[in-house]
Amino acid sequence: MSHGRDKCSRARRRTAGIHERARFLGRDPPRAEVRYVADDAELTLVLNDSLTVVESERTDR
Numbered sequence: 001m002s003h004g005r006d007k008c009s010r011a012r013r014r015t016a017g018i019h020e021r022a023r024f025l026g027r028d029p030p031r032a033e034v035r036y037v038a039d040d041a042e043l044t045l046v047l048n049d050s051l052t053v054v055e056s057e058r059t060d061r
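Heads up, the sequence shown is in UniProt numbering, so the first residue is 1 and it goes up one at a time.
Read the hints as simulated data drawn from the structure, not as lab findings.
Treat the hints loosely; a few may be bogus.
[Said to hold, decoys possible] Taking CB as the label site, the calculated pair distances span:
id	residue 1	residue 2	range
1	Asp-28	Arg-61	24 to 34 Å
2	His-19	Val-46	15 to 25 Å
3	Phe-24	Glu-57	16 to 26 Å
4	Arg-23	Ser-50	13 to 23 Å
Nothing here was measured: the structure is a model prediction, and the numbers come from that model.
Even for Gly, the Cβ is constructed at its ideal location relative to N, Cα and C.
Required output: the full structure, derived from the provided sequences and hints.
What follows is the structure, encoded as structure tokens:
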């Protein structure tokens, strides 16, 4: 089954310069922060328990 591996390696090549960090912000209401960092910009998303974006912020570096 090389098809799955091919798709995975292509995805890795596309996102090679992007780093992802996540942290849990608390239980009331449940939220998590996900930060994507690339060479030229940083994107921060705050997600609720349904994984819906409730806040977003982009910062150019």
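Hint check against the structure, violated hint numbers in rising order: Hint check: nothing fails, all pass.
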